[in-house]
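So the mapping is simple: our numbering equals the position in the sequence shown, first residue as 1, plus 46.
There are no misleading hints in this set.
Restraint ranges, calculated between C-beta atoms of paired labels, are given here:
#, residue 1, residue 2, range
1, 313, 63, 15 to 25 Å
2, 162, 298, 37 to 47 Å
3, 310, 131, 30 to 40 Å
Capping the alpha-carbon separation at 25 Å, the derived lysine to any residue pairs in SDA-like fashion look like this:
#, residue 1, residue 2
4, 197, 332
5, 226, 248
6, 221, 175
Everything labelled a hint here was simulated from the structure, so no lab data went into it. Using N, Cα and C, we set each Cβ at its ideal position, and we do this for glycine too.
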Amino acid sequence: MKWMEISLTLSGELAEAVSEVLNRYAPGSVAVEALGPNKKFSSVDNVHLRAYLPIDDDHPQRLRSIEKGLWHLGQINPLPDAQFRTLEEENYLEIWKVNFRPIEIGERLLVHPDWITMNDGDRIAIIISPEMAFGTGTHPSTQLCLVALEKNLSSADTVIDVGCGSGILSIAAAKLGASKVLALDIDPKAIQNSKKNILLNQLEDIIEVRLGSLPQDTLSDPEFKYDMLVANILENALVQLLAEGLSDCVRENGVLIFSGLLVEQSPTFTQTCRRYGLQFIDEHRMGDWICLVFAKK
47 MKWMEISLTL SGELAEAVSE VLNRYAPGSV AVEALGPNKK FSSVDNVHLR AYLPIDDDHP
107 QRLRSIEKGL WHLGQINPLP DAQFRTLEEE NYLEIWKVNF RPIEIGERLL VHPDWITMND
167 GDRIAIIISP EMAFGTGTHP STQLCLVALE KNLSSADTVI DVGCGSGILS IAAAKLGASK
227 VLALDIDPKA IQNSKKNILL NQLEDIIEVR LGSLPQDTLS DPEFKYDMLV ANILENALVQ
287 LLAEGLSDCV RENGVLIFSG LLVEQSPTFT QTCRRYGLQF IDEHRMGDWI CLVFAKK
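Could you build all of it, start to finish, from the sequences and the hints given here?
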C-alpha cells in the first residue's frame, strides 16, 4: 500500500489545533518535530507536523475533509499551505524520528524521545515515546504547565493529573519529587501511551493510570486529598469538571494548576475558580496561552 504524507511547518501554539484536524482523519499517525537553529536542543517557536493517510478507497474523502478542516482553521489564524507527497509502503512513523529533537523546559527539565540516548547533565530527563501529536512538550500549554509544576511542587507531594495525555506531566511530577501520582484520561489511547511512557521512565511504582475524568473514591473519602492537581485541557472541560467536584480532590491549601487556557479566557475562568473557593496565586504566559495557579482555601 502507498501512503500520502501531509505536512505543515507552523508555530507551536497552532500545532494542537492543526493536529486535532489531522488526527480526526488520520488517527494515530500524526507526528510532531520541534524545530530550531540549535542542533542539540530545539526551539518550539516552530514545529513540523506530519500525518499519513493510506491511499485506499476512502482516501479521497478523507483528504477532502482534511483540506476543509485546515481551511476553516485558516480563517481564524492564517496557516501555511500544507505539503503533500506520496510514499511507498514503509514504516511511515519512523520517517520523522531523525529530526525530532530534545527540548529544554524551565530551569531543570529536559524532554527527549525514547530513541535518543543523552547525557542529561544537570537536567531532569523526561523520556517520551510520542505516539500522539500532543504531550511531546512542543505546545505552549504543556510547557507552561511543566514550568508551574517545577515552581510549585514540594518534595513528597501527592499529585493528580487530569487529562494526562502522554503522561508527560505525571512523569515530570514524579521526577520532581512527588510521592504518588494519579493520572486520569477519558481516551483509552492516551491511557496506553501514558503507561508506555511511565514504563520508559521506570515510574510505575509511583504513577497509577486510570481511565476516567474524576477519582470517585477520592471524592467520597474526606480523609484523603491530593496536595496538587494539574489539568492541561480546554476551558469548557475545566469548567465542567469544577462543577462536578474537581477541586474536592485537593486538600486545604493545596495547589491547582490549570493550563490549556487562552489569555483572553483568564478573567472569566478566574472568577469561576473563586466560586469554588480557589485563590489565585500565580500565572505563566507564552504568546496567547496562559497557565493559572490557584490555592484551595
